[in-house]
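Protein chains: 2
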Amino acid sequence: MKKKAVVLLSGGMDSAAVVAIAQEQGFEVHAMSVRYGQRHTSELEAAARVASALGVAGHKVVAVDLRSIGGSALTDDINVPDAGTGDAIPVTYVPARNTIMLSLALGWAEVLGANDIFCGVNAVDYSGYPDCRPEFIAAFQALANLATKAGVEGAGIRVHAPLQYLSKAQIALEGQRLGVDFGLTVSCYQADMDGKACGHCDACQLRADGFAAAGMADPTQYA
Amino acid sequence: MKKKAVVLLSGGMDSAAVVAIAQEQGFEVHAMSVRYGQRHTSELEAAARVASALGVAGHKVVAVDLRSIGGSALTDDINVPDAGTGDAIPVTYVPARNTIMLSLALGWAEVLGANDIFCGVNAVDYSGYPDCRPEFIAAFQALANLATKAGVEGAGIRVHAPLQYLSKAQIALEGQRLGVDFGLTVSCYQADMDGKACGHCDACQLRADGFAAAGMADPTQYA
Numbered sequence: 000m001k002k003k004a005v006v007l008l009s010g011g012m013d014s015a016a017v018v019a020i021a022q023e024q025g026f027e028v029h030a031m032s033v034r035y036g037q038r039h040t041s042e043l044e045a046a047a048r049v050a051s052a053l054g055v056a057g058h059k060v061v062a063v064d065l066r067s068i069g070g071s072a073l074t075d076d077i078n079v080p081d082a083g084t085g086d087a088i089p090v091t092y093v094p095a096r097n098t099i100m101l102s103l104a105l106g107w108a109e110v111l112g113a114n115d116i117f118c119g120v121n122a123v124d125y126s127g128y129p130d131c132r133p134e135f136i137a138a139f140q141a142l143a144n145l146a147t148k149a150g151v152e153g154a155g156i157r158v159h160a161p162l163q164y165l166s167k168a169q170i171a172l173e174g175q176r177l178g179v180d181f182g183l184t185v186s187c188y189q190a191d192m193d194g195k196a197c198g199h200c201d202a203c204q205l206r207a208d209g210f211a212a213a214g215m216a217d218p219t220q221y222a
Numbered sequence: 000m001k002k003k004a005v006v007l008l009s010g011g012m013d014s015a016a017v018v019a020i021a022q023e024q025g026f027e028v029h030a031m032s033v034r035y036g037q038r039h040t041s042e043l044e045a046a047a048r049v050a051s052a053l054g055v056a057g058h059k060v061v062a063v064d065l066r067s068i069g070g071s072a073l074t075d076d077i078n079v080p081d082a083g084t085g086d087a088i089p090v091t092y093v094p095a096r097n098t099i100m101l102s103l104a105l106g107w108a109e110v111l112g113a114n115d116i117f118c119g120v121n122a123v124d125y126s127g128y129p130d131c132r133p134e135f136i137a138a139f140q141a142l143a144n145l146a147t148k149a150g151v152e153g154a155g156i157r158v159h160a161p162l163q164y165l166s167k168a169q170i171a172l173e174g175q176r177l178g179v180d181f182g183l184t185v186s187c188y189q190a191d192m193d194g195k196a197c198g199h200c201d202a203c204q205l206r207a208d209g210f211a212a213a214g215m216a217d218p219t220q221y222a
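Protein chains in written order, with numbering that gives the first Met the number 0: chain A, 0 to 222; chain B, 0 to 222.
If you are wondering where the hints come from, they were derived from the structure by calculation, not from laboratory data. Do not take every clue at face value.
A pair counts as met if it fits within one copy or between any two copies, since identical chains are not told apart.
[As the list claims (entries may be wrong)] Cross-link-like lysine to any residue pairs, in silico, SDA-like; alpha carbons within 20 angstroms at most: (1) K59 x G36; (2) K2 x E44; (3) K148 x G69; (4) K148 x A137; (5) K1 x S166; (6) K195 x A207; (7) K148 x R66; (8) K1 x T40; (9) K1 x G182; (10) K195 x Q24; (11) K1 x Q22; (12) K59 x L145; (13) K148 x C197; (14) K3 x S67; (15) K59 x G69; (16) K195 x A141; (17) K148 x D193; (18) K1 x A56; (19) K2 x S41; (20) K148 x P133; (21) K59 x N114; (22) K1 x G198; (23) K195 x G182; (24) K2 x M215; (25) K2 x R157.
Let the hints inform the model, and build the full structure from the sequences given.
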């Protein structure tokens, strides 16, 4: 029997590659997407397309109302800035988002009896988000092993961030090697209802640069 | 100006005492309750009563659909057992609940600019929940300081669990000293719509024993 893994799947290109990587490592993938009040809900439709195309064992969408907490351009009526507007933590930072999402993945892992959690966080393109750093992932794994039955009584929890040290170009190439159709994914912070990308936010810029650096055609549909 | 703290307020007696303790320590309390699909929603009404009676600066209810993750008698159609049915982790354990709730509190703390989070977890009455142990709280604080702007750029995050080493009787006496009306609180795992307690689940038993050991009248309304 294959070992189960919970994979956080946003619908963007990074987490799509992570699903394929977890599958290549022999895991039965249970994909989890989080409906957190994001303005760009076309991301969730992309997640469903990716989950289906990659043949995951299960796909669950969990709702959490981060909009009621507020504080980010991704959930509030703050304008998403164009790319490259500084080194500070950007206004698109959603408070505690990765902590919350990994916590939800941890809960589902416990119910499934999975000891492995995968996420697409990335240190190279980290872009000022504190909860994308390697030391954050290590601290979450330590927490997970104190927080759960599997940690206390069982085989332990491992948190995998296989893209941690990859550039966007390397992620694109790795996904291509594994047969990921990036045309199904949506990375844009303000994609329209059809999943068409704005072409000028941070996420669009990183993605376009990644395909270019990889020498791949950009399958993104722009508005 | 008072320092702000986010206090997790379930509506039970423990977290009501924690609100009063945080206020006594000089914090402006922003209480957060989590609607996580619990069967006993009268707990949330109790939280609103307690928040109002103690005059908190704000009270927010955040919804997260833990029912879709499943795995607990508190959210699923599993019977809540009577008290004292063993040392193993009980079926009322909600997967990753405290991890998720502290994550949500952390998100709100970031938005408010609060550096302090209070919760009512308790090691003495811990009753088999791995995420109520002191080492879990310490690990969450370590994570919080890596995950957030306040940890990376600011004054750091402190996670307070002031009931950690108190017995239920000590909690009852501390709450009484601080003027908490425990008659407003609901602890029962399967309270009815009016907040009336079953009188025989683990939570009811611990609470009744606590008042008895403290020599206090039990203000609980039983069904």
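Okay, the hints, checked on the actual structure:
no.	hint	result
1	K59 x G36	both (16 angstroms within a copy, 16 angstroms between copies)
2	K2 x E44	neither (27 angstroms within a copy, 42 angstroms between copies)
3	K148 x G69	between (32 angstroms within a copy, 15 angstroms between copies)
4	K148 x A137	both (19 angstroms within a copy, 18 angstroms between copies)
5	K1 x S166	neither (30 angstroms within a copy, 45 angstroms between copies)
6	K195 x A207	within (14 angstroms within a copy, 59 angstroms between copies)
7	K148 x R66	between (31 angstroms within a copy, 19 angstroms between copies)
8	K1 x T40	neither (32 angstroms within a copy, 38 angstroms between copies)
9	K1 x G182	neither (29 angstroms within a copy, 51 angstroms between copies)
10	K195 x Q24	neither (32 angstroms within a copy, 51 angstroms between copies)
11	K1 x Q22	within (10 angstroms within a copy, 51 angstroms between copies)
12	K59 x L145	neither (25 angstroms within a copy, 28 angstroms between copies)
13	K148 x C197	neither (44 angstroms within a copy, 28 angstroms between copies)
14	K3 x S67	between (33 angstroms within a copy, 18 angstroms between copies)
15	K59 x G69	between (24 angstroms within a copy, 12 angstroms between copies)
16	K195 x A141	neither (39 angstroms within a copy, 39 angstroms between copies)
17	K148 x D193	neither (42 angstroms within a copy, 33 angstroms between copies)
18	K1 x A56	within (11 angstroms within a copy, 51 angstroms between copies)
19	K2 x S41	neither (31 angstroms within a copy, 39 angstroms between copies)
20	K148 x P133	between (24 angstroms within a copy, 16 angstroms between copies)
21	K59 x N114	within (17 angstroms within a copy, 33 angstroms between copies)
22	K1 x G198	neither (40 angstroms within a copy, 44 angstroms between copies)
23	K195 x G182	within (11 angstroms within a copy, 55 angstroms between copies)
24	K2 x M215	neither (33 angstroms within a copy, 52 angstroms between copies)
25	K2 x R157	within (12 angstroms within a copy, 37 angstroms between copies)
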